[in-house]
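Going down the list, the protein sequences come from chains G and H. Residues in the first sequence are numbered consecutively from 1, following UniProt numbering. Residues in the second sequence are numbered consecutively from 1, following UniProt numbering.
There could be a bad hint or two in this list.
[As the list claims (entries may be wrong)] Beyond 12 Å from chain H on every Cβ pair, some chain G residues (computed):
hint	residue
1	Val-14
2	Ala-97
3	Pro-119
4	Glu-150
5	Gly-162
6	Pro-169
7	Leu-192
8	Ser-201
9	Leu-206
10	Gly-212
11	Pro-221
12	Gln-241
[Stated by the list, open to error] Derived DEER-like restraints, expressed as beta-carbon distance ranges:
hint	chain 1	residue 1	chain 2	residue 2	range
13	H	Glu-260	G	Gly-162	51 to 61 Å
14	H	Leu-294	G	Lys-173	26 to 36 Å
15	G	Leu-74	H	Pro-368	54 to 64 Å
16	H	Leu-318	G	Arg-156	52 to 62 Å
17	G	Pro-119	H	Ala-239	33 to 43 Å
18	H	Arg-249	G	Ser-45	38 to 48 Å
19	G	Lys-173	H	Glu-455	31 to 41 Å
20	H	Glu-260	G	Arg-163	43 to 53 Å
21	G	Pro-119	H	Asp-214	34 to 44 Å
22	G	Ala-85	H	Asp-268	31 to 41 Å
23	G	Glu-55	H	Glu-455	24 to 34 Å
To be clear, the hints were calculated from the coordinates, so they are not data collected in a lab. Every value quoted in this text rests on a predicted model; they were computed, and no experiment measured them. The C-beta atom is built at its ideal place from N, Cα and C for all residues, glycine as well.
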Amino acid sequence: MDIETFDEQGWPPVTSKAHILLIEDDAETADEIIRDMSDRGYMISHADTGRVGLERARDGRFDLLILDRMLPELDGLSVISQLRAEEVRVPVLFLSALNDVDERVRGLKAGGDDYLTKPFVLSELAARVEALLRRPAEPRTTRLRVGPLELDLISREAHRDGRPVELLPREFKLLEYLMRHPAQVITRAMLLEDVWNYRFSPQTNLVDVHIGKLRRKVDAPGDFPMIYNIRNVGFVLREPQ
Amino acid sequence: MNLSEIARTTSFRLALVFACFFAGSSLLLFAFIYWRATVFETNRIDTLITEDARTLAGEDQDAILALINTHVTGDFHRVGYAALFAPDGNPIAGNLDKVPAGLPIDGKVHVVRAARTDLPAMGAIDVRLAALRIANGNILVIGRNGQYMIILREVVVHALTMGAIPAMALALAAGIFLAWRTQQRLKAVHRAAERIMGGQMQERLPIAGAGPQDELDRLSILFNGILDETERLMGEIKATGDEIAHDLRTPLTRVRARLERTLKGDMDADETRETVGKAIGGLDQALAVITALLRIRELENSKRRLGFATLDPAEVILLIEELYQPIAETKDISFTVTVAPVPPLFADRDLLMEAVGNLVDNALKFTPPGGRVTLALGPRAGDGATVIHVADSGPGIDPHERDLVFSRFYRSDRTRHLEGTGLGLSLVAAIARLHGLAPRVGDNNPGCVVELVAEGAPLAGGAAAAS
Numbered sequence: 001m002d003i004e005t006f007d008e009q010g011w012p013p014v015t016s017k018a019h020i021l022l023i024e025d026d027a028e029t030a031d032e033i034i035r036d037m038s039d040r041g042y043m044i045s046h047a048d049t050g051r052v053g054l055e056r057a058r059d060g061r062f063d064l065l066i067l068d069r070m071l072p073e074l075d076g077l078s079v080i081s082q083l084r085a086e087e088v089r090v091p092v093l094f095l096s097a098l099n100d101v102d103e104r105v106r107g108l109k110a111g112g113d114d115y116l117t118k119p120f121v122l123s124e125l126a127a128r129v130e131a132l133l134r135r136p137a138e139p140r141t142t143r144l145r146v147g148p149l150e151l152d153l154i155s156r157e158a159h160r161d162g163r164p165v166e167l168l169p170r171e172f173k174l175l176e177y178l179m180r181h182p183a184q185v186i187t188r189a190m191l192l193e194d195v196w197n198y199r200f201s202p203q204t205n206l207v208d209v210h211i212g213k214l215r216r217k218v219d220a221p222g223d224f225p226m227i228y229n230i231r232n233v234g235f236v237l238r239e240p241q
Numbered sequence: 001m002n003l004s005e006i007a008r009t010t011s012f013r014l015a016l017v018f019a020c021f022f023a024g025s026s027l028l029l030f031a032f033i034y035w036r037a038t039v040f041e042t043n044r045i046d047t048l049i050t051e052d053a054r055t056l057a058g059e060d061q062d063a064i065l066a067l068i069n070t071h072v073t074g075d076f077h078r079v080g081y082a083a084l085f086a087p088d089g090n091p092i093a094g095n096l097d098k099v100p101a102g103l104p105i106d107g108k109v110h111v112v113r114a115a116r117t118d119l120p121a122m123g124a125i126d127v128r129l130a131a132l133r134i135a136n137g138n139i140l141v142i143g144r145n146g147q148y149m150i151i152l153r154e155v156v157v158h159a160l161t162m163g164a165i166p167a168m169a170l171a172l173a174a175g176i177f178l179a180w181r182t183q184q185r186l187k188a189v190h191r192a193a194e195r196i197m198g199g200q201m202q203e204r205l206p207i208a209g210a211g212p213q214d215e216l217d218r219l220s221i222l223f224n225g226i227l228d229e230t231e232r233l234m235g236e237i238k239a240t241g242d243e244i245a246h247d248l249r250t251p252l253t254r255v256r257a258r259l260e261r262t263l264k265g266d267m268d269a270d271e272t273r274e275t276v277g278k279a280i281g282g283l284d285q286a287l288a289v290i291t292a293l294l295r296i297r298e299l300e301n302s303k304r305r306l307g308f309a310t311l312d313p314a315e316v317i318l319l320i321e322e323l324y325q326p327i328a329e330t331k332d333i334s335f336t337v338t339v340a341p342v343p344p345l346f347a348d349r350d351l352l353m354e355a356v357g358n359l360v361d362n363a364l365k366f367t368p369p370g371g372r373v374t375l376a377l378g379p380r381a382g383d384g385a386t387v388i389h390v391a392d393s394g395p396g397i398d399p400h401e402r403d404l405v406f407s408r409f410y411r412s413d414r415t416r417h418l419e420g421t422g423l424g425l426s427l428v429a430a431i432a433r434l435h436g437l438a439p440r441v442g443d444n445n446p447g448c449v450v451e452l453v454a455e456g457a458p459l460a461g462g463a464a465a466a467s
């Protein structure tokens with residue numbers, strides 16, 4: 001039983017209508033991002049210097065900031081440090097051409113919520129934007145539920161329709177991650193980073209194998225499938241329909 | 001050949017200094033000889049005078065007169081003075097008309113002014129004279145003038161001009177020659193260096209050739225060695241650049257063809273989507289190559305160790321096992337992991353994981369179904385150095401390629417056709433170097449073994465381990 005595959009177009013983000021501020025000085029990159037985000041239904045504003053971006057971010061109308069690391073006048077790190085100092089809590093996604101080992105750490109320490117290295121695929125950006133916009137309100141919850149699927153975070157047990165699903169610890173973590181982001185496109189890189197702390201693109205289809213194993217346990221024969229493949233992007237877990 | 005140019009050269013200046021020094025020391029030497037000769041001659045003359053005077057004084061009057069006469073007439077050098085005076089000072093015989101003023105009659109030599117009566121043209125000059133009273137009360141005066149000193153000086157000056165001045169001229173000439181020769185060689189070196197700077201990297205600095213190497217040759221040889229290495233590296237970079245260009249062109253050409261096919265528009269929606277999807281896949285591969293290249297460069301340039309901490313490498317190994325075991329299962333490869341206790345390592349967890357992951361990724365990729373891959377962590381037999389060991393039963397690596405696989409951007413022809421950047425091992429090597437780990441490749445009969453060895457690596461000893 002092969003995993004069912006959809007195209008990305010079939011999965012518009014549920015967070016559309018969110019208002020995003022893009023602070024990016026490169027006109028072409030900005031244009032691509034604006035087009036793609038608009039196509040996905042987001043409202044997007046653009047600032048091309050750090051100073052202007054900071055001014056506009058301060059008024060608090062935005063749900064998310066996409067912030068370039070290198071900017072004229074005021075660089076991205078300074079913008080975010082300034083915002084955090086002023087108690088502006090808007091989620092920030094860093095974009096950087098610097099793939100430096102330490103750069104990521106620095107960006108997250110300054111108050112960034114995610115970090116994406118240029119060049120990136122637009123669907124990767126979109127998936128991360130949606131993940132940031134849909135941050136769970138209650139991270140302290142002890143029980144996750146998506147349709148018939150139930151996960152007890154205390155006893156570390158999983159059930160589908162009341163039937164226990166035997167999971168290895170890492171499979172549990174993978175499923176937990178997917179269930180915290182239901183009906184949302186999750187990329188392979190996101191899974192590697194967040195489930196395995198692995199910041200490296202393997203040449204083998206590593207993530208697919210793990211997802212495949214998990215799916216065989218979660219979607220037993222005869223069940224409605226809950227885990228889907230999104231072509232060229234990643235995976236989705238949703239209620240059976 | 002410009003003289004002012006020569007005058008500026010070090011060799012010529014040295015030669016000039018040497019010539020001046022030579023001249024000075026010659027003058028000193030000659031002055032010393034002249035001085036010693038003068039003293040010696042004066043003493044000799046004085047002894048002669050006093051002896052003559054004493055001998056004469058012992059003779060009778062007639063013998064004295066005869067001897068004075070001989071003394072005066074036989075004096076071809078015009079140096080001799082001899083005279084006999086009566087006790088009242090009247091001259092009796094000889095070539096002096098009076099006892100010179102200021103000459104004590106004590107038989108000792110004194111320098112006084114006196115004029116010869118037989119040679120009035122000579123005038124009164126300083127003469128070394130001794131006077132003494134003989135038995136009959138007459139006064140005998142005998143002596144010599146300084147003429148011999150003039151002769152001595154002439155001899156010395158002659159020797160100086162005949163010997164020292166030509167020697168000085170010779171030294172200067174030698175200096176000019178050496179300066180000229182050195183300058184010719186330097187000019188050749190200069191021309192070669194200019195050609196090299198002009199981009200002719202195959203050019204080398206000239207070496208004088210026969211004979212022992214002088215300092216200029218040694219410098220040129222050293223510089224040529226640097227040029228050899230630079231040329232080799234440039235060649236390597238150029239070849240790598242060509243290869244990378246080639247590796248990028250292949251997927252990009254395919255992408256272009258696919259997009260062109262899509263543009264014609266005679267496909268249905270699904271086919272179009274699939275073709276564009278494949279095109280994106282090709283672009284992703286090209287991007288992956290570029291990203292890997294940038295990452296290697298960045299790792300190689302990285303000096304900072306912000307993410308470094310003391311960690312147990314076993315953690316990383318077990319995480320890699322967990323991550324890769326499922327894929328080994330789906331490929332029907334037996335993947336065994338063994339972990340023996342080792343001291344903690346000072347490492348960047350993410351990077352170490354990336355390196356080990358890359359090695360396992362590679363091993364799984366190259367091993368055919370039914371094969372086996374092993375990952376082991378433990379101390380090496382013998383010195384106990386920590387070793388991370390990845391072995392597979394894949395096609396292995398040719399012995400001649402083993403040294404190359406870790407060199408920057410090396411790609412084996414054997415793996416080029418396979419999907420991926422082919423830069424995995426270069427990346428591993430870059431990470432290993434950053435951690436002070438030595439990468440090794442060996443034979444697994446069949447297959448290949450890659451090891452990362454912490455030989456004197458920054459192990460977390462002392463304070464780091466305690467904290």
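Results of checking the hints against the structure:
1. Val-14: At about 23 Å from chain H, G:Val-14 clears the 12 Å cut-off, so the statement holds.
2. Ala-97: 9 Å, violated
3. Pro-119: 6 Å, violated
4. Glu-150: 24 Å, holds
5. Gly-162: 27 Å, holds
6. Pro-169: At roughly 8 Å from the nearest Cβ of chain H, G:Pro-169 sits no farther out than 12 Å, so the non-interface label is violated.
7. Leu-192: The claim is violated: G:Leu-192 sits with its nearest Cβ about 9 Å from chain H, within 12 Å.
8. Ser-201: Given a closest Cβ separation of 7 Å, the condition is violated.
9. Leu-206: Contrary to the label, G:Leu-206 does not stay out of reach of chain H, its closest Cβ about 6 Å off (not over 12 Å).
10. Gly-212: 8 Å, violated
11. Pro-221: 19 Å, holds
12. Gln-241: 22 Å, holds
13. H:Glu-260 <-> G:Gly-162: 51 to 61 Å: Given a distance of about 54 Å, which is inside 51 to 61 Å, the answer is holds.
14. H:Leu-294 <-> G:Lys-173: 26 to 36 Å: Taking Cβ atoms as reference, H:Leu-294 and G:Lys-173 lie about 31 Å apart, which means the hint holds.
15. G:Leu-74 <-> H:Pro-368: 54 to 64 Å: 55 Å, holds
16. H:Leu-318 <-> G:Arg-156: 52 to 62 Å: 19 Å, violated
17. G:Pro-119 <-> H:Ala-239: 33 to 43 Å: Because 26 Å falls outside the window, the suggested range is violated.
18. H:Arg-249 <-> G:Ser-45: 38 to 48 Å: 40 Å, holds
19. G:Lys-173 <-> H:Glu-455: 31 to 41 Å: Because 36 Å falls inside the window, the suggested range holds.
20. H:Glu-260 <-> G:Arg-163: 43 to 53 Å: With Cβ atoms ~52 Å apart, the hint holds.
21. G:Pro-119 <-> H:Asp-214: 34 to 44 Å: With a Cβ separation near 57 Å, G:Pro-119 and H:Asp-214 fall outside 34 to 44 Å, so the hint is violated.
22. G:Ala-85 <-> H:Asp-268: 31 to 41 Å: Hint violated: Cβ distance 56 Å, outside 31 to 41 Å.
23. G:Glu-55 <-> H:Glu-455: 24 to 34 Å: 55 Å, violated
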